[in-house]
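2 protein chains.
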Amino acid sequence: MRRRNAFYAQAGGVTAVLNASAAALIEACRETDGRIGKVFAGRAGILGALREELIDTSLESESTLAALRHTPGGAFGSARFRLGEFDDERSRYERIAAVFAAHDIGYFFYNGGNGSADTTLKLSKLPELLGEPLVCVHVPKTIDNDLPETDCSPGFGSAAKYLAVSLREAGADVASMASTSTRVFILEAMGRHAGWMVAAMGLAVDDHGDPPHLLLFAEVPFEETRFLERVRECVAHHGYCVVGVSEGLRYPSGEFVSQVGEALPGRNAQLGGVAPWLAQLVHNRLNLKCHWATADYLQRSARHIASAVDLHHAEAVARSAVALALEGRTGVMPTIVRTSDSPYAWETGCADLRSVATLEKRLPREFIAADRFHITEAARAYLLPLIQGEAYPPFRDGLPVHARLTGALAPKTLPAADDLVESVALGKKT
Amino acid sequence: MRRRNAFYAQAGGVTAVLNASAAALIEACRETDGRIGKVFAGRAGILGALREELIDTSLESESTLAALRHTPGGAFGSARFRLGEFDDERSRYERIAAVFAAHDIGYFFYNGGNGSADTTLKLSKLPELLGEPLVCVHVPKTIDNDLPETDCSPGFGSAAKYLAVSLREAGADVASMASTSTRVFILEAMGRHAGWMVAAMGLAVDDHGDPPHLLLFAEVPFEETRFLERVRECVAHHGYCVVGVSEGLRYPSGEFVSQVGEALPGRNAQLGGVAPWLAQLVHNRLNLKCHWATADYLQRSARHIASAVDLHHAEAVARSAVALALEGRTGVMPTIVRTSDSPYAWETGCADLRSVATLEKRLPREFIAADRFHITEAARAYLLPLIQGEAYPPFRDGLPVHARLTGALAPKTLPAADDLVESVALGKKT
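Chains as they are written, first to last, in the working numbering: chain A, 1 to 430; chain B, 1 to 430.
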């Protein structure tokens, strides 16, 4: 097979270990003895392909790549943008094909969640639709852990570790002051539709009675009276109550308990703020002093407390993606396959993107306790291996060191096509 | 001097390194060759003295004490309770004197902030008022860094490090997605009256243009129009804007920008929620997508990313307190004395509590930039040494290990005096 270049792009919400996947993928391409040429990274994700803004990663030093391994965020820019159907957006597909042809790109790697798996699947049809040869491999990533086919999604383990660690620490704080101060503490986690991250907080329990005492999952309809009764009982019994809640908590009617602003057409509603809302409820109805925290982006960027297992997963799926691409496998995604819970053992596998794209893996029923306010032992057995090990970044002057890319673009060879991306700001969430 | 026992109590808001002070103090007492006998720790702080609930720390193993060094919160319980004037609350002072006499307590160590410095000063008058000999030493602690006389307050450095690290990480997140998603991110820090913690976020800047772009200090009256104009400019220039804000942000009128609930008599208003309020403002007025985080207790309990310098300070003031007590110094507080900025060097000193009690050290004017939206080089020179070094706790099963005290109480010898503490729930904030 003749040597061709690769295009790599980051998509959707970033994670603490997304750039570790990027670094591993670029390194793996460099190690193919020239079977893969340059790796171009899309500036701002797939938009980099539409705009012909291709960061030439061959100009980045090995030390910069190594530093990516401990840099949170998406170093090349990550976009929330979803390609529509081929028949509706033919000009965009043609543009991407033209840009790829102009830069001799034969491999497309897309590092994202459900939405970008769908985009990868669509682009894998380019050869049959436009006659352009292209091998398309999706590299899994999402803190939401809702990708099907893979045992877990890289990015989740680190967010899970951050939340479990933070919950345990804040729990110790509240426990020490409850007799004269705050009685109820509420920590809000991201997760619009699936309660994986709230479930992770449950790992903070080491002994009976430890925080968190109540978990409110996105999957369990919120019953106000029952919740307040449990808070009251918990404070009476333990002296305090620590609650973990998903931003995606809904009423039995299906409405989100807290929704910030109105949903724009083609966009999901921006959530956030369920914790202060619950705190107000507890204060008003139970007359208990209540504090709350909303970690928001801190939970998905906390590289300083990343899970070593998660970091290994992020690197492994990237290396596996390159191996699959070299075998000519297209429309696929490398997966994490668990072979044992304890001791934890895993290997990489491969899934067809038709079993992945746009599908969401919910928290299984057997992971939610009978009273629906905590996790089960089965959930612990699943979750605990994913937060093992502390992959500390290097620090300088007391702060974590992040990579600074040169970000130099490959020279443009095609006329601009701004009309194809001008509506991006209203593109669908990836 | 005959051997007498010591009483130690924790007061007010806890920190990531408060228990390290406790451990160092107890260890230092154990090392006095019997000049100090047992160390009793007040259960729930000074309330332990009023209730005669004295945790006998001699029953805690050396390994438990060592584990305290990496346990956040207040392991013995920390109370928000302030003793009134002697003439107004004579019965409480008499009760404390009686409890101390019953347990042969000759040394009183109070580990807290401004309010507890005042309590320590008041108790140092017990010998002249009631004829009971007692040496009283205050051990400084507060994340607010507002204690006078000491260069810094143990607990602040770790909260500062947490905030600077989190800001840098979340800043990388926002930078990578701003072109199609969130443009403005707001991180809220604690600090009712002083903007020390917001100032610490300023350390995250490594190069020109790095986040945070705007800091809103408790000391600088909030001007809505000017703030929005700066956010708009910043987004136009950098593509995004990261803001750090103090929970104590006030309008020029002096009112808090966001105040949760009404202030109860004798209590400070419970703050929190200025970040979501600002986010709404930015969204409504500038039509920019905005995210926000409120770290709340996470910032004062994040032992996993504690500053090594802060930890050393916390241990040093505790050991110094014991040394001062053995010299018979009463009504004093050990301090941190900075002898050099770069390389950072420090030693312990001693301050008279009359220069400390109830006084608050504000952020100096020369630490706030001319435009009042950032810190100065002088502030950096002051702050940077305080966040140096990562004092990681041990982890087990992916989570930090915390001490579990037996918490056994010394046998009670006096009749109960519940009436003296029943109004505690409305006691003043310490």
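Quick caveat, the hints were computed from the structure, so don't treat them as lab data.
Heads up, the beta-carbon is just placed ideally off N, CA and C, and yes, glycines get one too.
Keep in mind that a hint or two might mislead.
What the hints assert, rightly or not - Among chain A residues calculated to face chain B with C-beta under 10 Å, some are:
#1 86
#2 161
#3 171
#4 259
Hint-by-hint comparison with the structure:
{"no.": "1", "hint": "86", "result": "violated, 22 Å"}
{"no.": "2", "hint": "161", "result": "holds, 6 Å"}
{"no.": "3", "hint": "171", "result": "holds, 8 Å"}
{"no.": "4", "hint": "259", "result": "violated, 13 Å"}
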